[in-house]
Every structure is written in structure tokens, then in C-alpha cells.
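**Q** Sequence:
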Amino acid sequence: AVVSTQSTGITEKLKPACDRWKAICTEVQSSLKTLCMARDKEMKAVKALEKTKCKEGSKKAEQVAADLVARQAELANKNAEILALMQQFHTQKLNDYKSVLSTYAQIQMVNHSRALEFYTRSFQDIMDIQTDEYLETVLNETTPMSISQSNPQLNNTNNNNNGNMNTTPSQSVDQLNVTK
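Using our numbering, read the sequence shown as starting at -17 and increasing by one per residue.
Quick caveat, the hints were computed from the structure, so don't treat them as lab data.
The model shown is predicted, which means the values in this text are computed figures rather than measured ones.
There may be inaccurate statements among the hints.
As a list, the in silico DMTMM-like pairs of lysine to aspartate or glutamate whose alpha-carbon atoms are at most 20 Å apart [unchecked claim]: (1) K23 / E63; (2) K26 / E44; (3) K23 / D49.
Work out the full structure: start from the sequences and follow the hints.
**A** Structure (C-alpha cells):
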């Protein structure tokens, strides 16, 4: 029950992080599409500039060169935008990993501290056992005198056999059955 609660807590922490990552990935994907379009436009502008230079049209070449500069500036802006998104994504990803792993580590520390407390108490209880007193108690409970006092039927059998030492064990059992 504790483990499922802890795993649920980790899962709940991961879900918003994954949702954020999904949103960032979608945003980066759309930015990459616009970047690819901007690169295509730049390539077209470069080809157009080369064509116009071959035709020797100076006014048209200047216009195509200006268009190329504009496309290169647009491409540079898109590259900077994507780099910023990548940096944001990696920063967020590392922060989310850090959060999830720190939560996991805290859960593990709590579990291990509980286990350590249990083992410490167990060790203290074991060390508190007084071997001499325990041995004396056990010996007092298992002496023949205490056995015969606790079971009067055995006591009667012993008294019956005291006078007749030639009885066999089966005869003693028979005598026990008679006394019952």
C-alpha cells in the first residue's frame, strides 16, 4: 500500500512534466518547419541571385541581393529562436528530472530510516535480554520437580512405581490409563 502510494506520487509528478515536454516539442516542431521554409527561401534567393548575375542585370541583381540578405536575417532569427527553445526544453527537462529523482530519493530515505529504526529497536531488545536470568527461568521451569508438580498423573505413577521397580514401560502406561 505504501509503495503504490509512493509510485502514484511519482507518477503524478511526472505527468505535468511530460505534458510540458509535449507542448515544448510541438512548439519546436512548428519552429523547425518555419526554419526549413526560411532555408528553402534563402536557397531560392541564392539561386535567383546567381541567375541574375549571369544575365548581367544590375538593378535586378541588387534587388535579389537585398532579398537574399532579408532571407538570411530571417533564417538567423529562426535559428536563434530554435536555439532558445532547445535551451528552454533542456533546462525544463533537467529541472523535472531533478524534481522526480529528488522525490524518489526522499521516499527511499524515509523507507530506509524506518527500516533502520526497526533494526535499532530490535538490536536494543536483543541486547536487553539478560542471559543469566533467562537461563535460570528456563531451568526452573524444566526441572523434574516442576514437571511432576505441574502434572499430578505423573506424580501418581511415580508413587505407584516406587514400590515395584520391576515394572516395564508398558506396565507404567497401563497404570497411567488406570489412574485416568
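**Q** Any hints from earlier that this structure breaks? Give me their numbers in increasing order, please.
**A** none
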